[in-house]
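These protein sequence lines map, in sequence, to chains E and L. Under this note's numbering, the first residue of the first sequence is numbered 10, with each subsequent residue one higher. Under this note's numbering, the first residue of the second sequence is numbered 3, with each subsequent residue one higher.
Any given hint could turn out to be false.
[As the list claims (entries may be wrong)] Derived DMTMM-like pairs (lysine to aspartate or glutamate); straight-line CA-CA distance at most 20 Å:
{"hint": "1", "chain 1": "L", "residue 1": "K17", "chain 2": "L", "residue 2": "D85"}
{"hint": "2", "chain 1": "L", "residue 1": "K88", "chain 2": "E", "residue 2": "D123"}
{"hint": "3", "chain 1": "L", "residue 1": "K52", "chain 2": "E", "residue 2": "D75"}
Hints are computed from structural coordinates only; laboratory data are not their basis.
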Amino acid sequence: MSEAARGSGAAGARPRYRNIDVGQILQYRLPPAGIVSILHRASGAVLFLFGLPFLLYCLQLSLGPDAAFAKFKAMAANPLAKLVFLGLIWAYLHHFCAGIRYLLLDLHIGTEKDQARTSSFAVLAVSLALTLVFALKLFGAF
Amino acid sequence: MTTKRIVVGAHYGLKDWLAQRITAVVLAAYTVVLGLAILAGPPLAQASWKALFASPFIRVLTVLAFVALAWHAWIGVRDIYMDYIKPTAVRLTLQVATIVLLFAYVIWAANILWSI
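Excised from the complex, chain E in its bound form (with noise of 0.2 Å):
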């Protein structure tokens, strides 16, 4: 049983959830594979919802005569549109590097506890890096 559930005398105030409500969502403090997890679920969603969706939008338009292609490369141009794909390129992103993760837990691969940790923190910091390098190619940096 791990610490926070068991609730700690020494540490006194230290919040114990019982039932957990969507009221308190804000309050819980995760360990970094609990917010890689949550991440996980949240970009799944995100990406069935918008995600792909637009995706086909855009994969019809760029791919289509030449006036949708034309409509594309004017919708890809304006900034906030970027700031969308950016959005959908990083739920992309933290999805496929904490999918891998998964994957490799579920090979029995990385299941010690400061592994695990240290494994959550790098699918935080890599997707974030490869969501840069993107962002890079997006704004015309090479």
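Once you have looked at the hints, place chain L on chain E.
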């Protein structure tokens, strides 16, 4: 004579669990190939972008990736419904809507690729 059948249990989800991981590997491979093709290449122009997806190999690969994506998304979204949506009628409606939507997305993807 009675037969003792176990009607609940974790193993009932094994196929879905495995399918989600296999489709994940397929999607990861596709992502790396396409991501590198985009990042390594020159800034995308209309002609080269169209030529890339006009290749029969990439077309078939892309449709397979969309099938894997729909399958993968179905299992993930179903898990979310099972965790948060308790009323059976609401959950079933959402599940059916999701399946229909995902089928439509795959057909849409194939339609885009074969209209180039």
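Okay, the hints, checked on the actual structure:
A threshold of 20 Å between alpha carbons decides the hint, and for K17 of chain L with D85 of chain L the separation of about 19 Å falls inside it, so the pair holds. This hinted pair does not check out: K88 of chain L and D123 of chain E have alpha carbons roughly 36 Å apart, beyond 20 Å. Note on K52 of chain L and D75 of chain E: the hinted pairing holds, with a Cα-Cα distance of about 11 Å set against a maximum of 20 Å.
Consistency note: the structure conflicts with earlier hint 2 alone.
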